[in-house]
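Enquirer: Sequence:
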Amino acid sequence: NGIFNLNYGTFNIGVNAAATTDPAFGTNTIVAGTTVNYNSSGSQTIAAVDYGNLSNTGNGSRILASSGIIGVKNVFTPSTNVSSTITGSTVSFIGTTVQTIPAFNYNNLTVTNLNSNITLASIGVIGIAGTFNPGAATFGTIAGSTVNFNGTLAQTIPLFTFNNLQINNAANISSIGGDVTVNSNLALTNGIVTTGSNKIIVNGTNVTRTSGWVNGNLQQSISTLSAVTFPTGVITYYSPLTVNFSSFHSM
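Sequence positions in the sequence shown follow my numbering and run 50 to 300.
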């Protein structure tokens, strides 16, 4: 229950297969420009504290703290180990300057940074198994990014503009928090998306379906004169609508 102050440099936790954990200090003061590095190739638990830069050069499996908030003021470099445990965890981007949200399978992902240029990683998939709360942040760059709602319990999608949006949740998307915009591709892999009075607006030209559908309102961009199938239905069954477009009219 002591005090931990990190004012400069890098603090390494663990080395090689020695999987030590972050000491449980009562007070943690970690300056934004510093780095805490989980350095073991073995399993380590990432403590719920506010970090400057949070890195994982050891790339062992990671257990993200299941309570509290893992805050990141600058750069988050997740472990590349696919066996990391995220149950119950929350990662929050809490900086005051430009930040990039990297590709990683998050449980809860929140953004409290009010900077005008938050970036979603353009390579890889940003998975959301729990809740996505973008807050009042301005996402200046989303081009190339993919967000995948992949939980095992019912999820909600907030009011947000996505680049690529994937739905892969057999427990369904129970609601959306406003009109959700998809600039490129919507992939319905698994699960039903209930929109209520809101709608999903796909500005791109590619809507794909493996399973699941939209229970509610789907607005889809049309670029060619052909038959287009809208993957819609009600909560109990799939009932797609196919429209054969023969002409366009300017509006």
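Keep in mind that the hints were calculated from the coordinates and are not lab data. Just to be clear, a hint being listed does not mean it is correct.
[Claimed, not checked] Distance ranges between label pairs, derived from CB positions: (1) S272 <-> T69: 53 to 59 angstroms; (2) V131 <-> P207: 23 to 29 angstroms; (3) T285 <-> N182: 28 to 34 angstroms; (4) T134 <-> G82: 27 to 33 angstroms; (5) N293 <-> S224: 50 to 56 angstroms; (6) N54 <-> L202: 37 to 43 angstroms; (7) D99 <-> G227: 25 to 31 angstroms; (8) N164 <-> T257: 17 to 23 angstroms.
A quick note: this is a predicted structure, and the numbers were derived from the prediction, not measured. Yeah, the Cβ is synthetic: ideal placement off N, Cα and C, and Gly gets one too.
Enquirer: Among all the numbered hints in the text so far, which are the ones the structure does not match?
Expert: 5 and 8
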